[in-house]
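Novice: The lines below spell out each chain.
2 protein chains.
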Amino acid sequence: MREDHQEAVARVDGARLWQRHAAMAQIGAIPGNGVDRAAFSAEDIRARRLLVSWAQARNFPVESDAIGNLFVRRPGTDPGALPVLSGSHMDSQPRGGRFDGIYGVLAALEALEAIDAAGLKTRRSIELVAWSNEEGGRFQPCTMGSAVYTGARSVDDFIDVRDNAGIALRDALAATLAALPEARPRPFNMPAAAYIEAHIEQGPLLEKQAKTIGIVTGIQGLRWFNVEVFGKTDHAGTTPLGLRKDALRASVAIIAALHEFTHDPQDITRFTVGRMLVTPNSPNSVASHVLFSVDVRHPDTATIVRLGEAVEPLARRAGAPCDVKVTPTLHDDPCIFDAAVVGTIERAANDLAVPAMRLPSGASHDAMYMARVCPTGMIFVPCEKGVSHNEAENASPEDLAAGARVLTAALLELANR
Amino acid sequence: MREDHQEAVARVDGARLWQRHAAMAQIGAIPGNGVDRAAFSAEDIRARRLLVSWAQARNFPVESDAIGNLFVRRPGTDPGALPVLSGSHMDSQPRGGRFDGIYGVLAALEALEAIDAAGLKTRRSIELVAWSNEEGGRFQPCTMGSAVYTGARSVDDFIDVRDNAGIALRDALAATLAALPEARPRPFNMPAAAYIEAHIEQGPLLEKQAKTIGIVTGIQGLRWFNVEVFGKTDHAGTTPLGLRKDALRASVAIIAALHEFTHDPQDITRFTVGRMLVTPNSPNSVASHVLFSVDVRHPDTATIVRLGEAVEPLARRAGAPCDVKVTPTLHDDPCIFDAAVVGTIERAANDLAVPAMRLPSGASHDAMYMARVCPTGMIFVPCEKGVSHNEAENASPEDLAAGARVLTAALLELANR
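Quick mapping for you: the protein sequence lines, in order, are chains A and B. First residue of the first sequence? That's 1352 in the working numbering, and the numbers climb one at a time after it. First residue of the second sequence? That's 1352 in the working numbering, and the numbers climb one at a time after it.
For the record, the hints were derived by calculation from the structure and aren't laboratory data. Here the structure is a predicted model, which means the values were calculated and not measured. Don't take each hint at face value.
[What the hints assert, rightly or not] Ranges of calculated distance between the beta carbons of each label pair, as one might list FRET restraints: (1) Pro1672(B) <-> Ala1530(A): 53 to 61 Å; (2) Gln1407(A) <-> Gly1517(B): 51 to 59 Å; (3) Glu1749(A) <-> Gly1517(B): 34 to 42 Å; (4) Met1541(B) <-> Gly1517(A): 57 to 65 Å.
[Claimed, not checked] Among the chain B residues that face chain A by a calculated CB cut under 8 Å, a handful are: (5) Gly1588; (6) Arg1648; (7) Ser1739.
Backbone N, C-alpha and C define an ideal beta-carbon position, used for all residues, glycine too.
With the rest of the complex left out, here is chain A:
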């Protein structure tokens, strides 16, 4: 590693990085050390303002695009050179943890500050990005900000989406943008030289193998569906079961059939129904309508295609006598990361003598969309027992700092290449 790069890496401040996690964790804090920071909520806005205040303290320019993705730039010396991007997201699951997403944002900020504190000039600009609505817990689907930024989807696709309380994304997004007047408007999909996302693993592998750094090779494929079941509401005491169209009973039959169909003796297939809304949702009324989500994932393209294509016919068959409507809401093919970026991260870890291993990602990330438009990689750090999307999510200050050092070294190499 170049000596000036080593100097910048040495400026990574693990204590500051940890304190910033603690400060962010107070925004939307919930019992059990967790965080509830829904996309475009008042808490999301407070997190964005805190991030901007840290950027402004260093005089880093701040930009925002029309879906609310937030950018913080440390300018390079060559205005014609494409920038290197790094970041993740600041929204959380309804009962999320203190590290998912926010770590990649704060690690990128730490890299920018360390490089700045060392007085380094880089040929390319380095830009932090905080993607909007990665979790999709409030407004579906997930990874919305990076999907729109990279042109895979458009703002119009999502502007009328509503949360469980009936609030339109249009209004929540407008409030978010209005709360950040200092962010200069930025167009979508500005060309980039590379993108690196740091993230907690959200799985048990690094901890089990006693590694500090995961060099991520790619992301498994994913299909999301909304399944709607249309029944008929009736009095629970008087209507014989043979005359009912019970949308909840039909949903139970569909979910049981899908579980059976997706059963995988090797336990590689991930199948989840995590969201269900029942109408009218009253103990003595037969349900007239149920909406539930389907999330199915597999690293192999042929398998995920087969599983995804079976959902609709299987749901229709199992849901009789109710009518069933299946709407695909997300479709991500398995993704393989850029070999050069993966190699850069691996070299940085080796140079810094941090125990590292290559592994695929079980979770989706914004890096999946960035991989379609520029060379992309990811850095994982361990999380306790692999627990994530849970208040108990935990990571050590040392591992977070090690990840930020590897990120800083990798960004410098890419920014000066």
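Fit chain B to the given chain A structure using the hints.
Specialist: This is chain B only, laid out in the frame that chain A set:
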């Protein structure tokens, strides 16, 4: 029938009765001709105020007890004689109809007005009662007002119950009571000579047999349970299914097992899961907690006991590896109505030459609790295709008027006995 009683029955005004249904249906109107008038809501308060305004126009005194049950009295000549009560409820299901409950209140008011217009004196007072929260759609359990009035339960049992939005019954009840300052306070469980409740059938039998009046012989037994399933929230992409405690998957298994267990080839058993709340309810988080309702009914005591007692062990077994907690929330034994009151109603129908038949009630009613403290009966009128707890619920003005005439005649006989 006595001549003066005939005169009063002739004063029953079918057009006025129908118009009052239309006026009440505007309070909480929802698309498709339905009504959403939750207990202790702003709409419930408006309905109560409208009822009180009609009572006051006739100078009938108005009273309310501490759970919000509303009473309208036409005084009798003998202050020492126990009163005769008649009524039903004004709250509705979230997607309810224009006749369920409100018919029994308006029919009783029609009887009071017809008797008053005919200038009749009765020995006993006749009192209209509008029971609070019969439906239990917002605050569980149902038939709350009559359960508390008759001493089967106490206000303290329910005061801390919360609706799906987290609002406590305590606060909603206080607002309801405060909105009716003219109602004089009334103690619970004042002795009564008899109670008659008029109601739409909510089933298909009268229509099928071309009868206008159902002389109700009793009510089938009922058990309600809340089943809570405790899992562990995890990331849907990274956690192998073998390591999960998925509360929604376990709930699906429990409901499927309960459906199988309660399956009845004769289709007499009523089994319904109508309410389900999922936490955190996000597509890519494994559910950590699910609460769902169980409603099971049967006219035979031994059968309902057997079915009810099986729910908890069966849910625990089918819900593994999640922990399961089953809380009984309602327990009504099958109920047989008083032979003298049933006979009085039958005689009234015969005297008025209205086609009538005896039948049991599939639905629960406040009459079940009143039957424990005084001689009780019910009058059913047909509803279209047996549809109830549904916006499409419908009944004819002629049938509603016929029911009010039978009610008037029966109340007069009981009030002068």
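Novice: Work down the list of hints and note, for each, if the structure agrees.
Specialist: Hint check results:
1. Between proline 1672(B) and alanine 1530(A) the Cβ separation comes to about 44 Å, which falls outside the hinted range of 53 to 61 Å.
2. Checked against the hint of 51 to 59 Å, the pair glutamine 1407(A) and glycine 1517(B) fails, with Cβ atoms roughly 38 Å apart.
3. Checking the proposed 34 to 42 Å range against glutamate 1749(A) and glycine 1517(B) shows it holds: the Cβ atoms sit about 41 Å from each other.
4. Distance hint for methionine 1541(B) and glycine 1517(A): a CB-CB separation of about 44 Å, inconsistent with the stated range 57 to 65 Å.
5. The restraint placing glycine 1588(B) at the interface with chain A holds, with a minimum CB-CB distance near 4 Å, inside the 8 Å limit.
6. The restraint placing arginine 1648(B) at the interface with chain A holds, with a minimum CB-CB distance near 5 Å, inside the 8 Å limit.
7. The beta carbon of serine 1739(B) comes within 4 Å of a beta carbon in chain A, closer than 8 Å, and the hint placing it at the interface holds.
Hints 1, 2 and 4 from the earlier list are contradicted by this structure; the remaining hints agree with it.
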